[in-house]
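If you're matching them up, the sequences are chains A and B in order.
The first sequence lines up with residues 1 to 226 when you count with our numbering.
The second sequence lines up with residues 1 to 612 when you count with our numbering.
Possibly wrong hints are sitting among the right ones.
Some, not all, of what chain A presents toward chain B, calculated at C-beta under 7 Å [stated by the list, open to error]:
1. Asn26
2. Gly30
3. Val48
4. Leu55
5. Val57
6. Leu61
7. Tyr62
8. Gly125
9. Ser141
10. Asn144
Calculated Cβ distances over 10 Å to all of chain B for the following chain A residues [to be verified]:
11. Met134
12. Asn138
13. Leu194
14. Leu200
Think about it this way: if two alpha-carbon atoms lie no more than 25 Å apart in a straight line, the pair counts; the simulated BS3-like pairs of lysine-lysine are [as the list claims (entries may be wrong)]:
15. A/Lys19 with B/Lys553
16. A/Lys15 with B/Lys553
17. A/Lys95 with A/Lys186
18. A/Lys180 with A/Lys169
19. A/Lys15 with B/Lys591
20. A/Lys6 with A/Lys31
21. A/Lys19 with A/Lys101
22. A/Lys98 with A/Lys186
23. B/Lys574 with A/Lys31
24. A/Lys176 with A/Lys187
25. B/Lys574 with B/Lys545
26. A/Lys102 with A/Lys181
27. A/Lys186 with A/Lys176
28. A/Lys109 with A/Lys186
29. A/Lys19 with B/Lys591
By construction, these hints were calculated from the structure, which means they are not laboratory data.
In this text the structure is predicted, and so the values were computed from the model without any measurement.
For each residue, glycine too, the CB sits at the ideal point set by N, CA and C.
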Amino acid sequence: MSKFFKKLFGALADKPWDKEQMITDNYHQGKTFDISNQTSAVIVIFGVSTVLFSLIVTGYLYSIPVTQDTQYLLKPNLLWLNTLILLSVTYFFNKVTKDLKKNIVERVKTNLLIIGFLSYIFLFGQIFFWFQLMESGNYVSTNNYFSSFYIFTALHGLHLLGGLFFWGKVFSKISKLEQKKIISHKKTIDALSLYWTFLLIVWFVFFLIMYVFNDAVIEFCRSLLG
Amino acid sequence: MSDEYNKQNTPIEAQSSETMSGSSGSTTDIDYVRPAELPEQDLYHGHSFITKWIFCQDAKVIGIQYFLTAVFTGIVGLILSWLMRLQLGFPDLVPFMTAEHYYQFVTMHGMIMVVYFLTALFLGGFGNYLIPLMVGARDMVFPYVNMVSFWMFFIAVCVLMASFFVPGGPTGAGWTLYPPQAILPGSPGSGMGIVLMLISLSLFVIGFTMGGLNYLITILQARTRGMTLMRMPLTIWGIFTATALAMLAFPALLVSCIMMTLDKLLETSFFMPAIVQAGEVLDYGGGSPVLFQHLFWFFGHPEVYIVALPAFGIVSDLISVHARKNIFGYRMMVWAIVGIGALSFFVWAHHMYVSGMNPWFGFFFATTTLIIAVPTALKVYNWIITLFRANIRMNTVMLFCLGFIVTFVNGGITGIFLGNVAVDIPLSDTYFVIAHFHMVMGIAPLMVIMGAVYHWFPLVTGRMLSEKLGKWHFWFTFLGAYSIYFPMHYLGFIGVPRRYFEMYDSPYVTSATGMNEFITVAALIVGASQFIFIYNIVTSLRLGKPAGKNPWKANSLEWLTSEVPPVHGNFGEKLPVVHRWPYDFNVPGAKEDYITQTTPPSEVINAEVEKT
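Please take these sequences and the hints and turn them into a complete structure.
In structure tokens, the structure reads:
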């Protein structure tokens with residue numbers, strides 16, 4: 001990280017009019033970071049989406065009323081199962097990128113197929129959990145907890161759907177390729193893998209704040225709000 | 001600093017702080033550049049009218065599409081402002097004008113001008129046209145996504161305009177759209193009007209994110225050889241930093257739009273406290289309207305700099321080219337742009353001094369607001385020092401640049417007034433605020449837009465605009481704008497409140513009527529004078545003097561394309577190779593008064609660049 005900042009802010013100290021600097025600068029290839037455009041795009045989306053999700057969580061924490069009743073909060077196991085599924089998707093993606101790094105391409109197609117399948121299962125699991133919530137009388141307008149819960153899971157799901165759109169494009173191309181040519185899509189698959197890791201991190205933060213440690217977080221916010 | 005190039009034989013190691021691993025090397029030739037290591041970009045060249053001009057992937061065409069759409073919205077905003085001014089200056093003159101209409105026009109004027117006109121024009125218009133050209137790229141890195149970005153913007157504009165035609169009309173909640181009144185009956189347009197506004201803004205943000213992704217990655221990752229970050233023109237630095245701000249600030253707008261839409265349609269209570277309306281208890285409860293204000297201004301204040309930073313960058317380049325002098329303190333100008341961008345996220349609550357915040361909170365935000373004046377003032381000093389003893393060409397472009405500096409200083413100073421809590425509270429709901437933000441965020445960026453159009457029109461069309469008409473246009477705009485906004489400062493000081501449909505029998509009537517009439521007449525004249533500009537553009541497109549290549553004798557890459565106007569792919573067979581920054585003007589020892597960025601050192605062997 002320090003190397004990153006040194007590179008970024010160190011560049012701002014360059015004197016472009018200076019003789020030595022000019023000669024040095026002539027070697028520059030025009031790229032700031034040694035990463036692919038796809039990975040750059042995922043990193044930028046990270047930034048934007050992190051702000052988006054952070055603001056939703058901040059809004060939720062800001063709006064916790066002193067008298068909010070949390071007793072009705074459901075604690076079913078389905079969210080744990082969904083979390084496990086998302087974790088396993090990331091595991092398979094990690095496996096694919098590691099294989100590609102070592103030029104092992106035999107199981108890439110199969111693993112990508114499993115990734116897509118599990119991701120859709122996760123989405124169906126989330127929708128099923130929504131139905132469970134609604135059946136128990138907890139709708140999006142019931143209170144701010146559920147409003148935030150629905151909006152967060154919906155946006156997370158939309159992000160995953162976006163990822164699945166690109167997964168579909170990549171998979172349809174790769175499935176038609178001979179195995180030895182799969183390596184040409186390494187950069188795109190790496191970028192997708194990074195994106196799924198980000199989605200997992202976002203989900204973990206949400207899962208811990210709004211579910212696992214929900215009561216403790218609410219208590220803490222109440223104490224802050226006085 | 002002496003910049004004598006001698007054919008030295010000592011090997012030189014690459015040491016730029018930005019140089020990536022594996023990109024160092026050594027050479028004995030002062031003109032040496034590394035061979036290209038990155039593959040050429042594959043471009044999709046449209047062949048039919050539709051793929052060439054409508055669903056086009058060329059960033060230049062997309063830039064023009066953004067520009068024209070933004071100008072269309074700007075004209076709508078202008079007409080709305082005329083109607084508002086007619087009501088304020090000559091009440092009852094416009095027969096259909098009711099209080100509801102007035103508030104709807106105020107709201108739509110504000111939102112259109114800030115988001116759909118200025119933001120789209122600077123980043124979508126100038127950004128798309130100039131980024132690939134100025135950094136030496138063939139196109140944006142993701143041209144298809146870039147095209148989708150424009151069409152999302154276009155749909156957002158259509159949705160926004162559709163709100164004029166739905167039952168109840170567009171929202172009249174004020175451009176800040178504060179809940180709870182924005183979505184409750186009683187406010188004009190609280191039905192479909194507000195919903196369409198929220199949907200339109202959400203589409204705008206999604207579309208902009210696609211464009212912003214392209215701008216950032218093209219600037220960071222797709223520059224041509226030799227184009228280090230610190231050799232980029234300040235225009236690109238301004239657009240880059242503004243895009244980064246937008247990418248971090250627009251999610252706040254998106255979140256608030258989504259939440260308010262849910263509050264309106266599904267009766268959630270993100271921003272809605274328990275409310276009794278006409279004796280009836282509504283289903284809302286537990287939400288916070290102040291949360292919306294925080295979210296809105298977390299977007300809203302950086303938005304000021306999203307507009308201002310590209311203007312800062314562009315005006316720096318225009319001044320340098322038309323004063324034939326390198327920009328004073330280039331590094332400081334870059335640092336100031338980056339610094340202002342970073343600080344802009346720590347000042348948002350100065351828009352909320354009257355929201356009942358803790359005084360210490362106000363103290364913090366007053367302090368950060370005053371701190372941000374430091375890098376801003378630094379930029380003003382550097383523009384002035386650049387002009388000092390320069391070989392100034394007093395053409396239309398320069399006039400607009402000078403107009404910008406004066407207007408920006410004026411608006412900046414009144415900003416210091418309003419940044420202080422004790423001064424802001426009595427002034428916050430008066431015409432002083434209107435005068436301030438129109439000076440700093442309306443007229444000042446408009447001056448830059450006009451100057452930029454006069455500067456880059458020859459590149460885009462291959463023809464020059466009429467200087468004579470340009471100067472008429474400038475003086476009408478400049479003097480007219482001051483006729484509108486100078487008196488408004490006075491109106492604010494005497495306490496004339498903003499957002500009032502009419503003054504009724506208040507004591508302000510007698511003292512403000514004459515001035516309101518004067519302002520209205522001035523506004524009509526300034527607005528009408530923009531048609532001189534439009535006439536100039538339309539006639540020059542066919543009858544303007546052919547511009548030829550590089551008519552301003554500028555140094556940056558956009559003027560060094562293989563053809564004028566540049567075609568898709570920008571630079572012919574080979575991409576340009578950059579040997580220097582873009583500000584080598586009037587270099588002692590050089591044959592011409594400018595040295596382009598692609599001129600190798602051996603061609604200007606006796607040139608000595610002075611340290612700034």
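Status of the hints after comparison with the structure:
1. The interface hint given for A/Asn26 holds, since its Cβ lies 5 Å from the closest Cβ of chain B, which is under the 7 Å cut-off.
2. Using the Cβ-Cβ criterion of 7 Å, the hint placing A/Gly30 at the interface with chain B is satisfied: the shortest such distance is roughly 4 Å.
3. Given hint, A/Val48 at the interface with chain B, holds; its Cβ is 5 Å from that chain's nearest Cβ, closer than 7 Å.
4. The interface hint given for A/Leu55 holds, since its Cβ lies 5 Å from the closest Cβ of chain B, which is under the 7 Å cut-off.
5. Annotation: A/Val57 was flagged as interfacial toward chain B, and the flag is violated, the nearest CB pair being 10 Å apart, outside 7 Å.
6. A least Cβ separation of about 10 Å between A/Leu61 and chain B goes past the 7 Å threshold, and the interface hint is therefore violated.
7. Because the beta carbon of A/Tyr62 sits about 5 Å from the nearest beta carbon in chain B, less than 7 Å, this interface hint is met.
8. Contact between A/Gly125 and chain B, as hinted, is not supported at the beta carbon level, the nearest pair being about 23 Å apart and thus beyond 7 Å.
9. Checking A/Ser141 against chain B: minimum C-beta separation of about 4 Å stays under 7 Å; hint holds.
10. Hint status for A/Asn144: holds, given a least beta-carbon distance of 5 Å to chain B, under 7 Å.
11. Remark: the non-interface label on A/Met134 is consistent with the geometry, its nearest Cβ contact in chain B lying 12 Å away (cut-off 10 Å).
12. Every beta carbon of chain B lies more than 10 Å from that of A/Asn138, the smallest distance being close to 13 Å; the non-interface claim holds.
13. Once the 10 Å rule is applied to beta carbons, A/Leu194 is consistent with being away from chain B; the minimum gap is 15 Å.
14. Distance to chain B confirms A/Leu200 as a non-interface residue, since its nearest Cβ pair spans about 20 Å, more than 10 Å.
15. Taking the CA atoms of A/Lys19 and B/Lys553, the gap is about 23 Å. The hint holds against a cut of 25 Å.
16. With a C-alpha separation of about 24 Å, the suggested pair A/Lys15 and B/Lys553 falls inside the 25 Å cut-off, and the hint holds.
17. A C-alpha spacing of about 13 Å is found between A/Lys95 and A/Lys186, which places the hinted pair at or below 25 Å, so the restraint holds.
18. Distance restraint check for A/Lys180 and A/Lys169: the Cα-Cα separation of roughly 19 Å lies within the 25 Å cut-off, and the hinted pair is therefore satisfied.
19. Using a Cα cut-off of 25 Å, the hinted pair A/Lys15 and B/Lys591 holds, with the two alpha carbons roughly 24 Å apart.
20. Restraint check for A/Lys6 and A/Lys31: the C-alpha separation of about 16 Å stays at or below 25 Å, so the hint holds.
21. For the proposed pair A/Lys19 and A/Lys101, the alpha carbon gap of about 41 Å is over 25 Å, so the pair is violated.
22. As the CA atoms of A/Lys98 and A/Lys186 are separated by approximately 10 Å, the hinted pair is consistent with the 25 Å bound.
23. Under the criterion of a C-alpha separation no larger than 25 Å, the hint pairing B/Lys574 with A/Lys31 is consistent with the structure, at around 18 Å.
24. A distance of roughly 18 Å separates the Cα atoms of A/Lys176 and A/Lys187; the hinted pair therefore holds under the 25 Å criterion.
25. Taking the CA atoms of B/Lys574 and B/Lys545, the gap is about 29 Å. The hint is violated against a cut of 25 Å.
26. Simply put, A/Lys102 and A/Lys181 have alpha-carbon atoms about 14 Å apart, close enough for the 25 Å limit, and the pair holds.
27. Of the pairs offered as hints, the one joining A/Lys186 and A/Lys176 holds, with about 15 Å between alpha carbons and a cut-off of 25 Å not exceeded.
28. As the CA atoms of A/Lys109 and A/Lys186 are separated by approximately 12 Å, the hinted pair is consistent with the 25 Å bound.
29. Taken as a hint, the A/Lys19 and B/Lys591 pair is honoured in the structure, with Cα atoms around 19 Å apart against an allowance of 25 Å.
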